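Q: Residues per chain are reported as follows:
2 protein chains.
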Amino acid sequence: MTIQDSGTARPAGRPRSEKAEKAIIDATLDLIGEGMGVSELSIEAIASRAGVGKTTIYRRWSNKEDLVVDALSTLKAPLPPLSGISVRDDLISLLDAMRKEAGQARTRCVMNIALGEADRYPRLMERFVKRAVEPRRQALRSVIERGVANGELRSDLDVDLAMALFSGAMMWHTKWGPPGDLPLDLAERVVDTVLLGLAGERATS
Amino acid sequence: MTIQDSGTARPAGRPRSEKAEKAIIDATLDLIGEGMGVSELSIEAIASRAGVGKTTIYRRWSNKEDLVVDALSTLKAPLPPLSGISVRDDLISLLDAMRKEAGQARTRCVMNIALGEADRYPRLMERFVKRAVEPRRQALRSVIERGVANGELRSDLDVDLAMALFSGAMMWHTKWGPPGDLPLDLAERVVDTVLLGLAGERATS
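The listed protein sequences correspond, in order, to chains A and B. Residue 138 in our numbering is what sits at position 138 of the first sequence, and the numbering runs on without skipping anything. Residue 70 in our numbering is what sits at position 70 of the second sequence, and the numbering runs on without skipping anything.
It is worth saying that the hints were derived from the structure and are not from the lab. The model shown is predicted, which means the values in this text are computed figures rather than measured ones. Some hints here could point you the wrong way.
[Stated by the list, open to error] Among the chain A residues that face chain B by a calculated CB cut under 8 Å, a handful are: (1) L29; (2) G35; (3) A47; (4) S48; (5) S93; (6) A97; (7) R154; (8) D158; (9) V159; (10) L161; (11) W172; (12) V194; (13) L195; (14) A199; (15) G200.
[What the hints assert, rightly or not] Here's a subset of chain A near chain B, in silico, CB distances under 8 Å, partners left out: (16) G37; (17) I43; (18) A164; (19) L165; (20) G168; (21) T193; (22) L196.
Glycine included, every Cβ here is placed at the ideal spot set by N, Cα and C.
Start from the sequences and build out the full structure, keeping to the hints where you can.
A: Quick look at the structure:
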């Protein structure tokens with residue numbers, strides 16, 4: 001399907017505009033997912049794949065970097081609703097949202113490629129982190145801090161380290177785990193294992 | 001320093017050969033570290049940077065992929081000696097080796113770029129994993145299994161999940177932690193936190 005990029009007036013602008021926007025975002029993600037790095041990506045290639053004119057793209061995004069930040073941000077699942085009752089349950093909800101988004105092959109592929117370019121595009125990654133990563137991180141931090149405050153978690157807990165344990169375990173599975181979907185019960189197992197600890201009866205600590 | 005690539009006999013082959021090899025490996029890592037992806041890397045560019053002729057490279061590596069696998073493998077620190085006495089101490093030694101190698105800016109940068117290309121170069125990553133990642137993973141698994149067997153760790157522990165927790169926490173700090181060296185006590189804090197668990201007094205599990 002080709003969306004014409006004419007300069008004429010738009011009688012029903014919004015729907016057509018959204019359709020074009022979606023086609024452009026999809027084209028961007030498809031090209032990255034096929035192995036095209038951000039450096040190789042061109043507005044021409046995106047326009048051609050999306051079936052729109054370059055003008056249509058430039059009307060919404062003034063440069064490639066802005067478009068890539070927007071495209072990557074759409075891969076992030078919305079924050080799940082949190083019960084606010086059990087810290088354990090809220091942690092599982094947050095980690096399960098990570099599991100779901102990481103389970104999609106395209107997401108994994110695109111994120112691997114994009115993150116691999118983080119050093120080459122620091123500003124791009126910085127903006128992506130601010131837009132898409134920080135809100136999730138903040139949600140995780142709030143739940144952990146709630147647990148420390150109400151006694152569900154240890155009062156002497158290093159909150160940053162706790163965040164690294166939860167996120168790192170999910171990240172590890174995305175990166176190094178067997179290919180394909182992550183196990184359905186992964187979030188629950190990670191949370192319960194981290195809460196309980198690994199020490200056995202003979203532990204001396 | 002330029003190493004000549006003449007076709008003449010080598011009177012003291014070994015030292016000169018090792019010197020050239022090091023220059024070639026360094027040039028490869030430098031170029032990747034400067035942001036050149038594996039796809040953009042050429043034997044020409046490596047030869048030019050290393051100050052050797054292409055023949056010198058092809059005498060040792062039949063293709064670019066072989067050379068990149070070798071170059072990436074040199075970034076891995078050797079496995080640390082393990083006391084074999086305390087599982088906690090051995091875990092800290094293993095994680096501290098990860099901390100040391102991750103702390104080097106060049107290593108972080110090169111690994112980010114190379115891992116970002118994992119989807120484009122599955123065979124390259126597979127070989128790198130087999131050569132450089134698997135031995136470390138096996139060492140970590142052995143220590144955890146020893147802990148399960150001797151009671152330092154819980155008898156019902158999911159060994160794979162435990163590995164993901166330890167490695168994931170270190171990986172998270174490398175990827176998302178503040179730039180610069182990782183904290184000197186990171187390995188110890190990760191191990192002790194994971195062993196003890198996060199649950200507080202009010203925990204219901």
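Q: Closer than 8 Å between Cβ atoms is the bar; does A:A97 clear it against chain B? Give me holds or violated.
A: Hint violated; A:A97 Cβ to chain B Cβ min 17 Å, cut 8 Å.
Q: Holds or violated: is the Cβ of A:A47 closer than 8 Å to a Cβ in chain B?
A: Interface hint status for A:A47: violated (23 Å vs cutoff 8 Å).
Q: Less than 8 Å between beta-carbons is the criterion; does A:L165 satisfy it with respect to chain B?
A: Because about 5 Å separates A:L165 from the closest Cβ in chain B, which is inside the 8 Å limit, the hint holds.
Q: Taking 8 Å as the limit, does the beta-carbon of A:V159 come near enough to a beta-carbon in chain B?
A: This hint is violated: A:V159 lies away from chain B, its Cβ roughly 10 Å from the closest one there, beyond 8 Å.
Q: Should the interface hint for A:G35 be scored as holding, given a Cβ-Cβ cut-off of 8 Å against chain B?
A: Where the cut-off is 8 Å and the nearest Cβ of chain B is about 4 Å from A:G35, the hint holds.
Q: Any CB of chain B closer than 8 Å to the CB of A:G200?
A: With Cβ-Cβ at 5 Å, under 8 Å, it holds.
Q: With 8 Å as the cut and Cβ atoms as the points, is A:G37 at the interface with chain B?
A: holds (6 Å)
Q: At a threshold of 8 Å, is the proposed contact between A:I43 and chain B supported by beta-carbon distances?
A: Hint violated; A:I43 Cβ to chain B Cβ min 20 Å, cut 8 Å.
Q: Is the shortest C-beta separation between A:L161 and chain B less than 8 Å?
A: holds (6 Å)
Q: Does the closest beta carbon of chain B sit nearer than 8 Å to the beta carbon of A:S48?
A: With Cβ-Cβ at 21 Å, over 8 Å, it is violated.
Q: Min Cβ distance, A:S93 to chain B: is it shorter than 8 Å?
A: violated (16 Å)
Q: Could you check if A:W172 really has its C-beta closer than 8 Å to a C-beta on chain B?
A: Cβ of A:W172 sits 3 Å from chain B, so the hint holds.
Checked against the numbered hints given earlier, the structure breaks hints 1, 3, 4, 5, 6, 9 and 17 and satisfies all the rest.
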